[in-house]
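For the record, the sequence lines run as chains V and U.
Counting from 2, one number per residue, gives the positions in the first sequence under the numbering used here.
Counting from 20, one number per residue, gives the positions in the second sequence under the numbering used here.
Think of the hints as simulated: they come from the structure by calculation, not from any bench.
The structure displayed is predicted, hence computed values, not measured ones.
There could be a bad hint or two in this list.
Label-pair restraints from in silico Cβ distances [stated by the list, open to error]:
hint: 1; chain 1: U; residue 1: S155; chain 2: V; residue 2: R167; range: 50 to 60 Å
hint: 2; chain 1: V; residue 1: Q245; chain 2: U; residue 2: R185; range: 28 to 38 Å
hint: 3; chain 1: V; residue 1: N267; chain 2: U; residue 2: K183; range: 17 to 27 Å
hint: 4; chain 1: U; residue 1: E272; chain 2: V; residue 2: R167; range: 41 to 51 Å
hint: 5; chain 1: U; residue 1: K183; chain 2: V; residue 2: T241; range: 54 to 64 Å
hint: 6; chain 1: V; residue 1: T241; chain 2: U; residue 2: E272; range: 40 to 50 Å
Cβ coordinates follow ideal geometry from the N, Cα and C atoms, glycine included.
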Amino acid sequence: MSERYDAVAVRRIVVAVDASPNSQAALRAAVEMAARFQAELMGLFVEDINVLRVAELPFSQALGGYSAHRRRVAVEDVERHFRSRIRQMRRVFQVLAQRRSVAGTFRVARGMVDSEIQAAAREADVLIIGRVGWSKIRERQVGSAARAACCDDAPSVTLVLQEGKRLAPPILVVYDGSSIGDKGLMLGATLVDERTEPLRVLLLASDEGRMVLLRERAGALLRNFGVFHQYSVLTDSDVTKLGQAVQASGGGTLILPAKSPVLQENAVLELLEEIDIPVMLVR
Amino acid sequence: MAKSDLELKPEQLYRPADLSELHFDTTGDLDDLTEVVGQARAVDAIRFGTGIQDDGFNIFALGPTGLDKRGLVRRSFQSEAETAAVPSDWCYIHNFKQEHKPIAVALPPGKAVEFRDDMNALVQELRTALSAAFESDEYQSRRQSISEDFGERQAKAFDELQRKARGEGMALIRTPGGIAVAPMRDGEVLSREEIQNLSEEEQAETQQKIEELQQDLQRILRQVPGWQRELRERLNGLNREMADLAVGALIDELRSKYRDHDKIVNHLDAVQADIVDNAEQFLSQQPQDQPQFMEAMQQRSLDQTLQRYGVNVLIDNSNTVGAPVIYEDNPTHQNLIGRVEHRAQLGALMTDFMLIKPGALHRANGGYLILDARKVLQQPYAWEGLKRALTGKRINIESLGQQLSLISTVSLEPEPIPLKVKVALTGERMIYYLLWQLEPEFAELFKVVADFDEQMDRDASSQALYARLIGTLARREGLRPFDRSAVARLIERSARLAGDADKLSTRLREMADLMVEAEYWSREAGNGVVTADDVQRAVDAQTRRLDLTRERVQEAILRDTLFVDTEGEVVGQVNGLSVLMLGNFAFGRPSRITARTTVGKGQVVDIEREVELGGPLHSKGVLILTGYLSGRYAEEEPLSLSASLVFEQSYGHVDGDSASSAELYALLSSISGVPIKQSLAVTGSVNQKGEVQAIGGVNEKVEGFFDICKARGLTGDQGVLIPYANVKHLMVRQDVVSAVERGAFHIYAVKTVDQGIEILTGVAAGERDSEGGYPEGTLNYKVQARLRALAAKRREYIESVEEK
């Protein structure tokens, strides 16, 4: 591994898969990232215990999403459903990992999806997850697993991906001058491919003095990486404005410091619902 | 009459051309001939047929091939067409109400192409205008607003339900079978055991809550399709509004331009409505959002939509001067009526109005159409199609497959186009008369008959015209000039082709071909102009190419395979002459005719007829002989004769009565026992009164016997007896004329059997006296005497039989 990649240590990546389109995008991004950092990859499929329990309930009934007809939910149907998806995802995982020569394992766990993913993520440097999983009830809502992955217990980097998306240039880093911001900046510098696009840095500065300061600090950090970069500034600390700035920048992948002042409470989730590009949440 | 009085003089055998009225050295000095030679009747008929505009006055130009019927009709039509109005353009457009019935539109000449270009330009502008409209911020933001409204409504309903569920310790869980409602505790669904541990009341309460929430969920889910339908309707409404704004102005321009054409204005209204209805097809697609084949399918769908706004120009008269004059060389049903083509698309045969192709009737509409009758009749259903179009006065494109229910693929029923056309059919007489007899509607549709004559009178003025015609043909064919001698030879050849020294052939194609060949030989010989020798060489070469069979027949005669004597005298045997036609080549063939007589019941047996090798005309000739014999020699007592006649070594069909005089001579010789000179040959038919009548092919017959005699060596006694009525037809070869000049060959023209038999036997025929007898020693005396002897013998025989 080059000195440049050592700046952000990525040795183990966990990707949560459930055969939904979003999770397939997550798997592809995970293999890509594992290949780049020569990291170990673990694919995790969680058999949702809640779904199994519903099936076991004596009075359980499900309503068809299209027909609105009620029908009994059978345990066998649920288990067959899980087996089918596990088989499918294991095959995709193996093919993709083999293609990029990535060392990886595919694990199946049964339990609460959020807690199983978080448990697995605790042992990893990066968690990659689709924005909405198979169990989504409505389209634009961020799924419960992704929601949980954005909480404080998540590993240092969490990447949330959307259906059909990948880690695409240009890379846009939101920089607030914090140590986590520095980490995100260095991660961006590591991921950027100078042949395609410069690294774009969005400075969160309420005034000009702050902006100059952030710019100097970012410049000093990036000097070590020798990457070409461009700056833009966001003066308002507001998640809506941030979302608009991200959309306007035409960024392909967003790197965001989790403890940024603009991301108070559920702001991360709001942002994820607003924008449709992959987001890397750095802690 | 003395034998010498009946012999023809050399100048009677060949009538040279008389060009005294014309002063020229070569055809280069002669003016072009603009009038038609020798076809006054046909020209008048065509002129009448061309001029008259009433229904059914179409023309049938009939006559043998090679008379330039088509050329004459075409020139007449062109002359009339030059000053006629240029007919309308025609095009087909899509019918938005009944897709399988494209609409026919008539436009002033040249306007159809303009209309097509206008519509093509509109389509191009549509793409731009609609893309701009649908990519505009206004459209995008309104569309997004509508979509978000739907999303929010759905989200709100689910969020409220989820909130309510959470408040009641429940959650919505997605399962493979759909969405279920389940009791929750600390984020987990209660297990079966936990449920079972609940009291009955708690279980009932939980179940009640689940039931209520499921009902709520069901209500929401049932609302979703309605919301989606509403979303689609609102989006469609937006699309329509934007499309209307984008294209309205463009179409208004065209509407104003074509305001005088109701069909086009209606079409533009339909196009506008269609664009608005299909507006979403114009929405630009994001290539990365969908697979390539989907993009291709969408593009194809858009192309198909746009194609319906196109114009299929069927007839463009922008460059037409006057009315069109069309000759259709291959008058198939499709080539006449037009057709609807198909293209293979995903394994199926598809079509649309752009694949309608015009036929000759479309191209000739408003003008003139010339067709070869034989070709029309040879093509399946072509005549039916033509007849239907002329009768109905409209062109109705319908495929044969459809008409006959042979195929059931998707096809069109294009709107019929009104038809106004003058049609001329050219063909042989037989076709005309057959159509007249067998086709009831023919007389109603082709009321003008232009009858072409294959020959014209030959006199000084007509020969002068013919000379100018030769000059005109030479120039038209790009040939070098013909000198005076060549022109004369061509005229003489024309008379020979007409088979009459007083006529000229009007088969211009044959003459033109001969001229081309003569010019070829002239070039080969290095002559600057074409001479009589070149023409003669061309004639000889033509004959040479065709006369293999004649050569073989002559060879068989000369080698005595076929018996034909040319010297000596034989009783009951005469040389008859027949003509064989091989294609357009005819030659004379001498045949031995023999007769045998014995006592009998007055019958002349035609052996050819007995074995069914003789045709009816031949049999008629032979039966006439019985009448002649009875009337001449057996008025007082029965004809007690049995005679048989045969064409020796004839193995094919024999017809015509031109050998009847020869048969009579053989019969008289056989009865009288007077031999016939074999150095002579005979042709001519005979009637019951003993008059010798004209026959056809006299020149070929004379030459046929001459060639045999010449090959064996002319003795000075040889010759041919022809009917006097055929003298005017003589145009024999120059070598025959030369032989006659030298006295080496003789041609006798006889009017009666008596004149003929005298020449053939050298015995006087003898005239009948008042008592019905003939002078002793004459041939008729001997015939009568023999017949009386035969009658006596028969009487004796009958009496002896009766006595027994």
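(request) Using the Cβ atoms, figure out if K183(U) sits within 54 to 64 Å of T241(V). (result) 28 Å, violated
(message) I want to verify a distance hint. Is the separation of the beta carbons of S155(U) and R167(V) within 50 to 60 Å?
(response) The hinted range 50 to 60 Å is violated for S155(U) and R167(V), with Cβ atoms some 30 Å apart.
(message) Just to be sure I understand the hint, the distance between the Cβ atoms of Q245(V) and R185(U) should be within 28 to 38 Å; is that true here?
(response) 32 Å, holds
(message) Between the beta carbons of N267(V) and K183(U), is the distance compatible with 17 to 27 Å?
(response) 21 Å, holds
(request) Could you see if the CB distance from E272(U) to R167(V) stays within 41 to 51 Å? (result) Cβ of E272(U) to Cβ of R167(V): about 48 Å, so the range 41 to 51 Å holds.
(request) May I ask you to test the hint 40 to 50 Å on the CB atoms belonging to T241(V) and E272(U)? (result) Given about 46 Å between the Cβ atoms, the range holds.
When each numbered hint is compared with the structure, violations occur for hints 1, 5.
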